[in-house]
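Put chain D on the given structure of chain B with help from the hints.
Here the protein sequences line up with chains B and D, keeping their order.
Residue numbers are given in numbering that gives the first Met the number 0: position 109 of the first sequence equals residue 108, and the series is strictly consecutive.
Residue numbers are given in numbering that gives the first Met the number 0: position 78 of the second sequence equals residue 77, and the series is strictly consecutive.
Worth flagging that the hints you see were computed from the coordinates, not collected in a lab.
Do not rely on the hints blindly, as some may be mistaken.
What the hints assert, rightly or not - For lysine to aspartate or glutamate, the following EDC-like pairs were computed, each having C-alpha atoms within a straight-line distance of at most 20 Å:
hint	chain 1	residue 1	chain 2	residue 2
1	B	K79	D	E84
2	B	K79	D	E81
3	D	K106	D	E84
4	B	K113	B	D30
5	D	K106	B	E23
6	B	K79	D	E68
7	D	K22	B	E41
8	B	K79	B	E23
9	D	K106	B	D10
10	B	K107	B	E41
11	B	K53	D	D56
What the hints assert, rightly or not - Covered stretches of chain B, as calculated for chain D (at least 3 residues, CB under 8 Å):
hint	region
12	21 to 33
13	60 to 67
As the list claims (entries may be wrong) - If you only want the chain D side, here are some residues facing chain B, beta carbon under 10 Å, derived:
hint	residue
14	A15
15	L16
16	K22
17	G24
18	R53
19	P55
20	R58
21	P107
Glycine residues also receive a C-beta, built at the ideal position from the N, C-alpha and C atoms.
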Amino acid sequence: MNTIENYQWTDLTYLSEICDGDRELMKTMLDMIVAEIPAEIEKMQDAAQQRDWKELFELAHKMKTTLAYVGNADMIATTKTLEMFARNLTALHEIPELMRSLAQAASKTMVELKRRAQNIG
Amino acid sequence: MPRVLICEPGRILLTALDYRMRKYGMEVVRAQTGEEALRRIHRNSVDLAVVNTRLPDFRILSFVHLIREDFRSDVPLILLSEVEEEMETVFNALEAGANDFLTIPFKPLELAMRIQLLLPVKAYDK
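Isolated chain B (complex conformation) (with noise of 0.2 Å):
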């Protein structure tokens, strides 16, 4: 039987280019990310309470880095606002809301990452 997935959160096409298509490498890969956004975005969360604008700059450019392999623009969009405010020291009140919206965002996106993880192991 041929099932249809729909992804709604996530592009792996760049994560498939630097894996040139191999299977294996893809599932480690995945499993990698899954495991690594939601400790860094709390890292990025006890950053953000504490006020250290320094280490959230460097978070979130980590993160951009690692959102790239699964291709969410929402999250990637919001993460580029994290770096810069935390860079340029603006609207610092802002980041808050952008962190809760991050959160939110992961959390949806990581079920369907596990989903495909699944569908490709």
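The following block gives chain D in isolation, referenced to the frame of chain B:
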């Protein structure tokens, strides 16, 4: 088998490049910081180095200067630069002695081809 150092702070990209370059017949030495990479290069233990321009502990220009001027090493160097990296940074590093660069995202096959073009012939005799 040629021994290639990949210095990439991002664990995910490092894993992918390690895996793919081994598939292309290279032995891969991994590093996530400039210091780790310098230690390997200083010991002459690699045939070529692939290095991200955004190292956590070094500016890329200082890194290239150390290799070419202090270590007097001629190990071929390929830089990996991110899209938003200023081209001037890459240009200065090339002027200081880096041999080539690739902009992330790139296909691993493209990196493998650049590596093969730069590897000294003796690296294949090992």
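Checked hints:
{"no.": "1", "hint": "K79/B / E84/D", "verdict": "holds, 15 Å"}
{"no.": "2", "hint": "K79/B / E81/D", "verdict": "holds, 14 Å"}
{"no.": "3", "hint": "K106/D / E84/D", "verdict": "holds, 18 Å"}
{"no.": "4", "hint": "K113/B / D30/B", "verdict": "holds, 8 Å"}
{"no.": "5", "hint": "K106/D / E23/B", "verdict": "holds, 17 Å"}
{"no.": "6", "hint": "K79/B / E68/D", "verdict": "violated, 37 Å"}
{"no.": "7", "hint": "K22/D / E41/B", "verdict": "violated, 35 Å"}
{"no.": "8", "hint": "K79/B / E23/B", "verdict": "violated, 30 Å"}
{"no.": "9", "hint": "K106/D / D10/B", "verdict": "holds, 17 Å"}
{"no.": "10", "hint": "K107/B / E41/B", "verdict": "holds, 16 Å"}
{"no.": "11", "hint": "K53/B / D56/D", "verdict": "holds, 15 Å"}
{"no.": "12", "hint": "21 to 33", "verdict": "holds (count 6)"}
{"no.": "13", "hint": "60 to 67", "verdict": "holds (count 4)"}
{"no.": "14", "hint": "A15", "verdict": "holds, 5 Å"}
{"no.": "15", "hint": "L16", "verdict": "holds, 8 Å"}
{"no.": "16", "hint": "K22", "verdict": "holds, 8 Å"}
{"no.": "17", "hint": "G24", "verdict": "violated, 14 Å"}
{"no.": "18", "hint": "R53", "verdict": "holds, 8 Å"}
{"no.": "19", "hint": "P55", "verdict": "holds, 9 Å"}
{"no.": "20", "hint": "R58", "verdict": "violated, 15 Å"}
{"no.": "21", "hint": "P107", "verdict": "holds, 5 Å"}
This entry does not satisfy hints 6, 7, 8, 17 and 20, going by the numbered hints stated previously.
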